[in-house]
Amino acid sequence: MGSPSYVDPTVRMFGDVRLNDDCSLWPYAVVRSERAYVSVGRCASVQDHAMVHIGWDDPTIIGDYCTIGHRAVVHGCTMEPACLIGVGATIMERCVIGRGSIVAGHSFLPPGAVIPPHSLVIGTPGRVVRRIDKLRANVVDALLYRDNARAYAKGEHRAWEGSDLAELGEEADTILAREAAGWNAAGIADTSNGE
-16 MGSPSYVDPT
-6 VRMFGDVRLN
4 DDCSLWPYAV
14 VRSERAYVSV
24 GRCASVQDHA
34 MVHIGWDDPT
44 IIGDYCTIGH
54 RAVVHGCTME
64 PACLIGVGAT
74 IMERCVIGRG
84 SIVAGHSFLP
94 PGAVIPPHSL
104 VIGTPGRVVR
114 RIDKLRANVV
124 DALLYRDNAR
134 AYAKGEHRAW
144 EGSDLAELGE
154 EADTILAREA
164 AGWNAAGIAD
174 TSNGE
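Quick note on the working numbering: the sequence shown kicks off at -16 and runs consecutively.
Be a bit skeptical, because a hint or two may be false.
What follows is a list of derived Cβ distance ranges for each label pair [unchecked claim]:
| # | residue 1 | residue 2 | range |
| --- | --- | --- | --- |
| 1 | A168 | R119 | 14 to 20 Å |
| 2 | G152 | G106 | 26 to 32 Å |
| 3 | G106 | A168 | 18 to 24 Å |
| 4 | A160 | D31 | 40 to 46 Å |
If you're looking for bench data, these hints aren't it; they were derived computationally from the structure. Using N, Cα and C, we set each Cβ at its ideal position, and we do this for glycine too.
Using the sequences and the accompanying hints, generate a full structural model.
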């Protein structure tokens, strides 16, 4: 297990849960792994009231710099780096969300959906509505939550008032320059036509 920035005392974790450096789990999040495992990536956040569970043989892998929104349900699926799962969204077993994608709030992805990198997904069932370029913005969002988590761990609850978005953007640029090529090589193929 890494060194998470913040795990709220109300969080419930069961089974094989792997927390990586600077991740955060927020109030009333539940993470359960009775058979496979759950991995929460570096600087990833699982926000308030989110439910993270496994499929029967399917682990849940939350990639580095991912944000799981409030009341979202992620279940036996994989999120590549720098994805944002919106408030109240549901992602079912064997789904794979490509790097830099956004699943809009209250969307539902049925079992086995494979979302190409850099996609905006909306609806029930969720469908890709267009290609997006939000990789940097999603990393900045993850870094903002990392800093917020570090502050919460010290009992400081107004960290965003002092946030320097330009500085976080520079840090995101450094991360992307160092790591994005590896994400591209390891991830699902980007087969979109750029629309």
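Outcome for the supplied range 40 to 46 Å, where the beta carbon pair is A160 and D31: Violated - the Cβ-Cβ distance for A160 and D31, about 32 Å, lies outside 40 to 46 Å.
Does the Cβ-Cβ separation between G152 and G106 fall within 26 to 32 Å? holds, 31 Å
Given a hinted range of 18 to 24 Å, is it respected by the beta-carbon distance of G106 and A168? Given a distance of about 31 Å, which is not inside 18 to 24 Å, the answer is violated.
Range first: 14 to 20 Å. Now tell me if the beta carbons of A168 and R119 are that far apart. Hint holds: Cβ distance 19 Å, inside 14 to 20 Å.
Violated hints, in rising order: 3 and 4; the structure is consistent with all others.
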